[in-house]
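Construct all of the structure, not just a fragment, from the sequences and the given hints.
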Amino acid sequence: MPRHDNAKKFMSEKRSSPEQSIPVVRTTVNLTPDAIEAVRQMAKERGTTVADVIRRAIWIEKYLHDTLKAGGKVLLEDSDHGVRELVIRPLAKIVGVEDTSHESPVPIEPPPVIVLRTVEQQREEKRGEIALLLVRLLAGLGAGALALLASAGWLKLDIANIKEILTVVFPSVVALVGTVIGFYFGGRADRGTSRAR
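Using our numbering, the first residue of the sequence shown is number 8, and each one after it goes up by one.
Derived by calculation from the structure, the hints in this document are not laboratory data.
A virtual CB, placed ideally from N, CA and C, is assigned to each residue, including glycine.
Where hints are given, some of them may not hold.
Claimed, not checked - The calculated label-pair distances, taken between Cβ atoms and stated as ranges, are:
1. Gln129 <-> Ala154: 30 to 40 Å
2. Leu140 <-> Leu173: 20 to 30 Å
3. Thr125 <-> His72: 19 to 29 Å
4. Lys133 <-> Trp161: 20 to 30 Å
5. Leu153 <-> Ala182: 14 to 24 Å
6. Leu139 <-> Thr174: 23 to 33 Å
This is the structure in structure tokens:
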């Protein structure tokens, strides 16, 4: 018997004693039609069942993988009595063991971006919000004044009363909006020139 031929020795041994029995493990094996025919032929040649040949083949494949993984070498003698190193290719795919070698890696979500704004940036944002609200207030007041003037005849309102209300409310709102917008844009212009220096 050539060296490193433990697999061949295992295939020829009969397992009748209890200390040599293999524990029962249920495994589903998917074989191609050609592989099934080859397994049937091997079972017929050895006088065993197809299940026994498959069980022994799985054990041999595990033995070979364990030997190679441990850093050992497995040498096989071919029919021309030449010795060559074994390269393992699985004979069958075992169902139930997930093979993810062909899949792309799972995308990893990037960590959330936390933006820390400076006090100046927060003030700038708040000034912008206030300026926008005041511009909307001015536009709403102007639209309301026009609607009031347009419906004065229908509502039977005295134009003098409407004019008096508009002269009190409208200029003060315009002055407030103008001041805030001037302060907002003036502050931005000052910061822009100081950054340029």
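Okay, the hints, checked on the actual structure:
no.	hint	result
1	Gln129 <-> Ala154: 30 to 40 Å	holds, 37 Å
2	Leu140 <-> Leu173: 20 to 30 Å	holds, 21 Å
3	Thr125 <-> His72: 19 to 29 Å	violated, 60 Å
4	Lys133 <-> Trp161: 20 to 30 Å	violated, 42 Å
5	Leu153 <-> Ala182: 14 to 24 Å	holds, 20 Å
6	Leu139 <-> Thr174: 23 to 33 Å	holds, 26 Å
Against the hints set out earlier in the document, violations occur for numbers 3 and 4.
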